[in-house]
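Q: Here is how the chains run, residue by residue.
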Amino acid sequence: MSDFHSSVLVIGGGIAGIQTSLDLTELGFKVYLVEKKPTIGGTMAQLDKTFPTLDCSLCILAPKMVEVYRNPNIELLTYSYVKNIKGSAGNYSIKVIRKPRYVQEDLCKGCGDCATICPVKGIPSEFDAHLSSHGAAHISFPSSVPPVYLIDENKCLYLNHGICQLCKSNCKADAIDFSQKPKEVKIKVGAIVIATGYEQEYPEFYSQLSGQNPNVLSSMQYERLLSANGPTGGELLRFDDKKHPHKIGFLQCVGSRDFHHPDCKKYCSSICCMSSAKQAIVTKEHSPDTECYIFNTEIRAKGKNFYEFIVKSKEEYGVKYVNGSVASVKEDNSSGKLRLAYENIDKGVVENDEFDMLVLASALFPNKSYYKLLDCLDVDYNEFGYISEKGLAQCEDGFIFFTGYSSKPKDIPVAVAEGSACASKISEKLHEVRFENIKEVTFPPEIPVLAEDEPRVGVLVCQCGINIGGVVNTTEVVDYIASLPYVVHAEENMYSCSSDSQERIKEMIKEYNLNRFIVASCTPRTHEPLFRNTIREVGLNPFLFELVNIRDQDSWVHQSEPEKATQKAKDLIRMYLAKVVNLRPLEKIKVEVEKASLVIGGGIAGIISATSLANQGFEVYLVEKNPNLGGNALEFVDLFDIPMHENDILKSINDLKTRSNVHILTNSKIIDINGFVGNYKITVENIENPSEMEEFKVGTIIVSTGGSQSKTERWGNVLGKHPDRVFTQNQLEAINDTELPGFKDATIILCVDQRKNEINLGDGIKTYCSNICCKVALKNIEKLLKINPEAHIHVLYRELQYSDLNAERLWRDLRKYVSFERYGSINDIDIKDNGERFHIQYNNIGANCDIEYDSDILVLATPEVPGEKTKELAKMLKVPTTKDGFFLEAHVKLRPIDFATEGIFLCGGAHWPKWIDETITQAYGAAGRAAMMMVKGEVETEGITSYVNEEKCIGCGVCETVCPYQAIEILENSKKVGLYEIVEKKAHVINAVCKGCGACAAECPVGAINQNHFTKFQIKKQIELLTGIDTQRCEVD
Amino acid sequence: MSKAKAKKKSEFEPEILAFCCNWCSYAGADLAGVSRFQYPASIRILRVMCSGRVQPSFILDAFKNGIDGVLITGCHIGDCHYITGNEYTRERMKHIKTLLPKIGINPDRFRLEWISASEGKQFAELIREFTENIQNIGPSKITKKLGKIELDLK
Ligand code: FES
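Just so you know, the protein sequences line up as chains A and B, in that order.
All letters in the first sequence, in the order written, are residues 887 to 1923 by the working numbering.
All letters in the second sequence, in the order written, are residues 8 to 161 by the working numbering.
It should be emphasised that the hints constitute simulated quantities derived from the structure, not laboratory data.
By construction, the Cβ of each residue, glycine as well, lies at the ideal position given by its N, Cα and C atoms.
Check the hints yourself; a few may be wrong.
Unchecked claim - No farther apart than 30 Å at their CA atoms in a straight line, the calculated lysine-lysine pairs in the DSS-like style are these: (1) A:K1216 x A:K1206; (2) A:K1906 x B:K101; (3) A:K1450 x B:K151; (4) A:K1838 x B:K161.
Unchecked claim - Computed footprint of chain A on chain B; a stretch qualifies when at least three of its residues, placed anywhere within it, have a C-beta under 8 Å from a C-beta of chain A: (5) 33-46; (6) 49-57; (7) 60-69; (8) 85-91; (9) 103-112; (10) 140-148.
Stated by the list, open to error - Which chain B residues face chain A? A few, computed with CB under 8 Å, are given here: (11) N72; (12) R97; (13) M100; (14) G154.
Starting from the given sequences, assemble the full structure and let the hints guide the process.
A: In structure tokens:
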């Protein structure tokens, strides 16, 4: 057994850190999550919407934050920082400093009574990017995790002047503690993850653009302004005159992509183009008349269906894009407007215009604590200010991993996949000590509660200090509830969530022999698990419980109507009582999971996934249709920006072949997949010898079938004549230097038949951007220059997508030797056959004139497309694909490598064309996600699932179609009716897969499906009891 | 019930049933509370996991019992925690709108709205507006029926 520690330190509680932590606990490791701010959630919590789906950011993030909070294996250290790190791989001693909140975390109820009374005002809110303010006692934002207040020690009157303490006397929970001091916590871990995220300067920093004008905002400030929970409640207003802005300018690349200015970042922040397009769209949705202008150097839309999002912003929303940079901004004092002078590159002129508001998409960069950490780890950073490649490799050797913005600029889905990838890599290193520090809670045996047992309900009504009690007459409510049928006992208390209340609940259950329980207090979204746990601790099934919300949805929203609020509380509890008496104990069934995985596709993604899973101790079946493993990557010999070369790939392949737990099936094709998470039966056929079949069982499946580059019909009769001098980009990469015909002039044409927009129209043109062509072109340029250093190379492009650090560097270099020439529409490029050479004519945008020249060879960046068998495989797996035929993940933002169907994962080019570094990240990530399902050898089903009444079921299959998780199957049973043998169809719920949404129950035409815990009877009873109770009709004794 | 049943339109205090899905709209209602946005005490929220659970008969039941208005709220299209649940809700509820007048119920007594977890303000506004609409339409013509707490013995 190794003597590594089974715990992991995660530094940074943004989305990257959250994802890593959650995955790590599932993989059997304890996590210490250290966050320097008072709450986790990071930047994503501040966002209004996310691109390209315009999802509400908090809606998708908040459940994850709560999950972290409730996870017994994550120790959350917020408002804390890492002071030092000592030790080596597998054995680190960490010193963490917890800053004093002056509020005791375990006592604070998050009620806000301290903030209400705090006399200090006007401290700029960090969460609202300084657009609003709060008092000395405050909370970052309403859904902060942990939901605990804190006192600003620099502004608090008592801490600075020894007077006040009003909050202390107002806090009913006695949580204020002015004696707190910084506390040192020592922890021991085996591995470390750094996820410290990014920062952005406020507009004042760019004084030449902002002056002191309040209507110049940073993009984060604008995000807060748009947000429904922001400083104006989502109303779009100027800050001085409170008027609606009618014309807004978005300035891209402020303070970035500049090698000359010392204050400027040299790199592209990678997400701003998309984020500005999103903000412009949301602005248009708020008020369609507002004009939005985006001033950009070029639009970089790198990600799945990002380019379409940009086109949509133009075409559907009328957002205007100006290609050019802004020279100056002047305030017009009389009109209050901001006057811009800018260069319009497309037109080749300098123009002026006036705006009501400006949004600076200024550079994003790692924060100060990041550099402290790098210092502490003794690794260096590159010219862009990010950890160097050498440093990264050195850290990985020491079990230290970087994710999110801390390794390089990236967007949310990449950060999420990377979080899962870090977890997987750590699991490879520490798998022998898995589960050593994991808390498994044990409970007493469950008291059986049978359907025929008379319900005995206990009710606890919470005053929540004065939060409920100050509005709702809780005593009156208790008296009323106690008089209702089946209620054996009801009482009120100050804080039902406190630990002494949990003891009281247990006492009540024992004393009155209760078999159902209701707490009327705050929201079940955060507190239901706590109470369910409490009743389970005395042996009651956790599903025999309901939480009635009389605070967030009653006392807090009817503060000046105490009588009505009291009546509402009574009504709500009565409604839920009608449900509670009908609750049944539910069980979370454990389903066994085969500890083996099927990896489909033996390209680089498949190789990495298979290796990672094998390293974690799982059985792997790697199926590849070609005779050899390696896929596209083997053809792209030098991968200039990742530390992996052809030989490394070959080495990994050989290494895989020697593993006893890896079964490589080349020349093979999957012909059948049957089953569900944990238990898939796979049938594979040998392509050359179809009679040779293999069957095996796996628990999880990883899809890594990759993609390829398509051919073009364009310029067909010219190019067709000279196939030896025309290449797709991939063909050029793959070809041997010696096989290439001699050339003096070479032309690379980018965006061939892709990125459809208002001028690039035509049936054969794909709407999307393949994302990798611009970078592949750099490698091809290098190759061509190596063969003929004197050659003249033309790159005809539309917009260059070099947001990666290394590509940016290489491009700047190559510009000296190669002419990058910008064109508008692919349809305007004319290629003629000139005998020996191609004659090319196109309209150059910068020069605004037609250019003609001859070229010996042509290299075309045609669209990347999914592998040819994708459709077939999707059908077999019962998973969806996009309109372009790529696999569709469960959620584009937060579940980029999962399918909605549990147990199946996705990585590499089958998901979307991507550069090899991202493919590798996704491959590790997918392996980690698959491992999560397999480590325990079992998965637990949801308690709240659907169930079928077979007698009523007519086997119509409607439920099967509406179920988004493939949790319903239609089984065929043959049955004897008299002389005849008939086949009967019946729906069957696969408990292991059902997520309990209830859509099937609502859709069933004959009422044969019902949802546990939300049965038709229960809901109907709730509805019936809304208007009141007929006491005569339901007498019980 | 101690509630005054005044018949005059302006004083009429409607009783509204609101279905909220757990993930977005219920969270939006919570946020209205956390932000202390005040709205009329007319609604009673019934939590379901997804708006996709709400079947048409629930709405008819509510009206049959004399409830003055019914509101369904779910995540915005595309945001449903269960991927497509709310799309089915939308389809189902189209039919309800056309069905209601046929059985003598003003279709404006029923509404389907999307509320995200960050739209506390919008939630409060929606309740305010819907309550006002119902007040203008007046109390339900169906006499209120009181419910009975009983056990599902099947
Ligand atoms: S979860 Fe909100 S509508 Fe489905």
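Q: Which numbered hints are broken by the structure, listed smallest first?
A: As far as the earlier hints go, 9, 10, 12 and 13 are violated by this structure, in ascending order.
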